[in-house]
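*Asks:* Order-wise, the sequence lines are chains V and F.
Numbered by our numbering, the letters in the first sequence go through residues 1 to 664 in order.
Numbered by our numbering, the letters in the second sequence go through residues 1 to 67 in order.
No lab work stands behind these hints: they were computed from the structure.
The structure presented is a predicted model; accordingly, all values stated were derived computationally and were not measured.
Treat the hints with care, as some may be off.
To give an idea of the chain F side of the interface with chain V (calculated C-beta under 8 Å), a few residues [as the list claims (entries may be wrong)]:
1) R18
2) I33
3) A34
4) D39
5) L55
Listed next, the in silico DSS-like pairs over lysine-lysine satisfying Cα-Cα at most 30 Å (straight line) [stated by the list, open to error]:
6) F:K27 x V:K517
7) F:K27 x V:K179
8) F:K46 x V:K517
9) F:K32 x V:K527
10) V:K174 x F:K46
11) V:K236 x F:K32
12) V:K545 x V:K589
13) F:K46 x V:K326
14) F:K46 x V:K261
15) V:K589 x F:K46
16) V:K202 x F:K32
17) V:K249 x F:K27
18) V:K202 x F:K46
19) V:K95 x V:K652
20) F:K46 x V:K117
21) F:K46 x V:K179
Derived coverage of chain V by chain F (criterion: at least 3 residues anywhere in the stretch with Cβ under 8 Å from a Cβ of chain F; other residues may be distant) [to be verified]:
22) 138-146
23) 495-505
24) 515-524
Even glycine gets a Cβ: it sits at the ideal position worked out from N, Cα and C.
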Amino acid sequence: MLHFDKMTLRDFGPYKGEQTIDFSDRSGVSIIWGNNGRGKTTLLNALRYGLFGVIQRRNGILKNLSEMGNKEAVQEGRYGFTVILDMTNDGDTYKLTRQLKLRPGIVKPSGEEDYEKVLFLERDGSILSPEDRNHELNVIMPEQVARFFLFDAELLQEYEELLETNTSDGEQIKNSIEKILGVPVLQNGVVDVEDCLSNYEKQKSRAARADDKTVQLGQEMENLTANIEEHQNIIKEKQAELSDLIRKKSVLEGRMADTDKLRNWIVQRNEAQKSQEKHEDELETVQSKIRDLMKNAWRGMLLTTVRDLREKIEAEEYALDAKKQKRTVADRFIMEMKKAISERTCPICGQEVSGDIVEHLRAKINESTNEYVGLSEEERQRLYDLQNQMLAIRQLSADVSDVRQGVAHLENRRDELQIAISECRQQIEELHDNIKRYGEDAEEADVLSISREHSDVEQTIRDVRRGIEDENKKLTELKMNKERVAATIDKMAGGTDYRLASRKYELCEHVFRIFEKSKTRYRERLKENVEKDATALFVQLTGDKDYIGLKINDNYGLEIIHKSGRTVPSRSSGYEHIVALSLIGALHKNAPLRGPIIMDSPFGRLDPTHKANIVRTLPGMAEQSMLLAYIGEIDEQVARFELGSHLIHEYKLERVSSMHTEIV
Amino acid sequence: MTTRQSLNELLAVLEEIRSNDYPDVPKELIEKIAMSQYDNQDARNKARSETMSILADYVNRTGGLEA
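For reference, chain V alone in the conformation it holds in the complex (with noise of 0.2 Å):
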């Protein structure tokens, strides 16, 4: 079991100069005050750089690590940083130095190639080669396992994945349960028996074909295990290939979340400049139909006197115009009544015409005559340029009320424009504003193409998982038909080099078989105790008597179980860190790897009540546990009082300056 007994820091973060902190070699508690900004994450960061190597910022992993060096040390001429831990491991005593260091012959740093790092691991007073120091730090404290270690609320919270399925995240969690729950040893053991396993096969299938009576079947035998081989070799390349993909999943949700706001400020930006474009080019158009409408414009303003003047020609080529139609008539009738005189006939009822009726028929015809005397020269010529005059007018006049009609519409619907292209404007400056602001220089293409890449990488998954399904199924045949081949040659062949072959490989295939079988019973067994020793860290950190207990799911998620039975659904922030706590500590209790629990200001949104039950449960949980917190996070006395005898150290980090913390 891991334990800290000691940390040493030089010009780490704030903590300038050399500074320890004795962990003591005592199981029990550590609390460190220290408010925001005086280095409690620093802290757990210094265990992370102390054991991996890494430092993690809030947005990742820090890449250029001499900024982690102490400001004050840095313009004192001190560059870089050391952390020295000091613990024991299963009876080994270790003390591993990592420093981040100029060059020789550097005294004053223009870059990161300006440092070297140095590691050293004695392992009970000897230095350790290379090779034995990764080996054992590996061994020892395994960083994909370091999130049941060192923790903070932050990281409470994403257990709540693995209440999912396929999730990256919950996948990548459920991949650390297991490893540090050793499931590991017994899956790599199945893979690599079987790999042995396929060796004896080959002996024997090479001592069947030896064997005068089974030359064929050894044969046949050969080529299934080939078969088979090849099968699981593409098995294994698509399983590597969706590891690749998984962990490439995961890094794009990490980057779309980081660029979440960012990519909605980029998406609504475009969106709104594809407006102001759509807007503009219809404002456009606008503008040019009412400088079309406005060029006849002019014809609305005469509209009353043409109307006038259109009123007085019609009345007089109205005048005329019956004037040439009496006429017309006229002629028609005198012409009538001359044809009766000539024939001494009615043209119309065909009687004779006497001798009075002829006379009276003449005086007519003078009187018609005389009176529908029809249109003069010059009246025929005023009638004729009435008439051009009338068609003149009416085409001036045509359409003229609907362009005013028209123009009314369209300046109506200009001024909108307007409007939307001047808010457009304004919303696209604050969106640049803001992407200029918090963009951080990002290159907008490869903000916009993560999500684009994202759902490309999860049909990939979608597609090598149903390939890999299909591998299996062709694979669990040809294992049949292999199964049913080796039944009968083992009926058949009766030489002495098959039998001892056979006897090699069956004692292959039942430590095959035990690891294999060894592996789901484990896994079973893990998830009841898992589940078993959560629920009894859930019932004491809860204290709530309607909840009994906790329900493990496949991906090690656990679900809240009301006293009625029921599951208990979208359970609170404070409720998931209370649940992630006791899968910690369950895991804690149930894993071959065990060490200490180091957690930054777990407490969140936890009311007094459960940051007691927390307090009070620590010892339990394990071995050896570091409680940083903030003063006021959780009162001192309830601490004191819920950890007793337990409380082994308590530090306090006290600001000497802003940019150097003493631990006191």
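Starting from the known structure of chain V, arrange chain F on it as the hints suggest.
*Replies:* Same frame as chain V, now just chain F:
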């Protein structure tokens, strides 16, 4: 090789399966493979070659399972 105390639960499961279903396989062989896998979790190739070598040594020494 020292058995890490914390590996007991895992070894217990292996032993449970071995003693009930495959008593013809020696306990030490299974433990040796499990310990090698545990100690070489960060070195897959080493774990694989050690496992193969443990099995080969035993098989060559004993000739495999009794007929």
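*Asks:* Run every hint past the structure and note whether it holds.
*Replies:* Here's how the hints hold up against the structure:
no.: 1; hint: R18; in the structure: holds (5 Å)
no.: 2; hint: I33; in the structure: holds (6 Å)
no.: 3; hint: A34; in the structure: holds (6 Å)
no.: 4; hint: D39; in the structure: holds (7 Å)
no.: 5; hint: L55; in the structure: holds (5 Å)
no.: 6; hint: F:K27 x V:K517; in the structure: holds (15 Å)
no.: 7; hint: F:K27 x V:K179; in the structure: holds (24 Å)
no.: 8; hint: F:K46 x V:K517; in the structure: holds (24 Å)
no.: 9; hint: F:K32 x V:K527; in the structure: holds (25 Å)
no.: 10; hint: V:K174 x F:K46; in the structure: holds (25 Å)
no.: 11; hint: V:K236 x F:K32; in the structure: holds (26 Å)
no.: 12; hint: V:K545 x V:K589; in the structure: holds (24 Å)
no.: 13; hint: F:K46 x V:K326; in the structure: violated (128 Å)
no.: 14; hint: F:K46 x V:K261; in the structure: violated (47 Å)
no.: 15; hint: V:K589 x F:K46; in the structure: holds (29 Å)
no.: 16; hint: V:K202 x F:K32; in the structure: holds (25 Å)
no.: 17; hint: V:K249 x F:K27; in the structure: violated (43 Å)
no.: 18; hint: V:K202 x F:K46; in the structure: holds (23 Å)
no.: 19; hint: V:K95 x V:K652; in the structure: holds (25 Å)
no.: 20; hint: F:K46 x V:K117; in the structure: holds (27 Å)
no.: 21; hint: F:K46 x V:K179; in the structure: holds (18 Å)
no.: 22; hint: 138-146; in the structure: holds (count 3)
no.: 23; hint: 495-505; in the structure: holds (count 6)
no.: 24; hint: 515-524; in the structure: holds (count 5)
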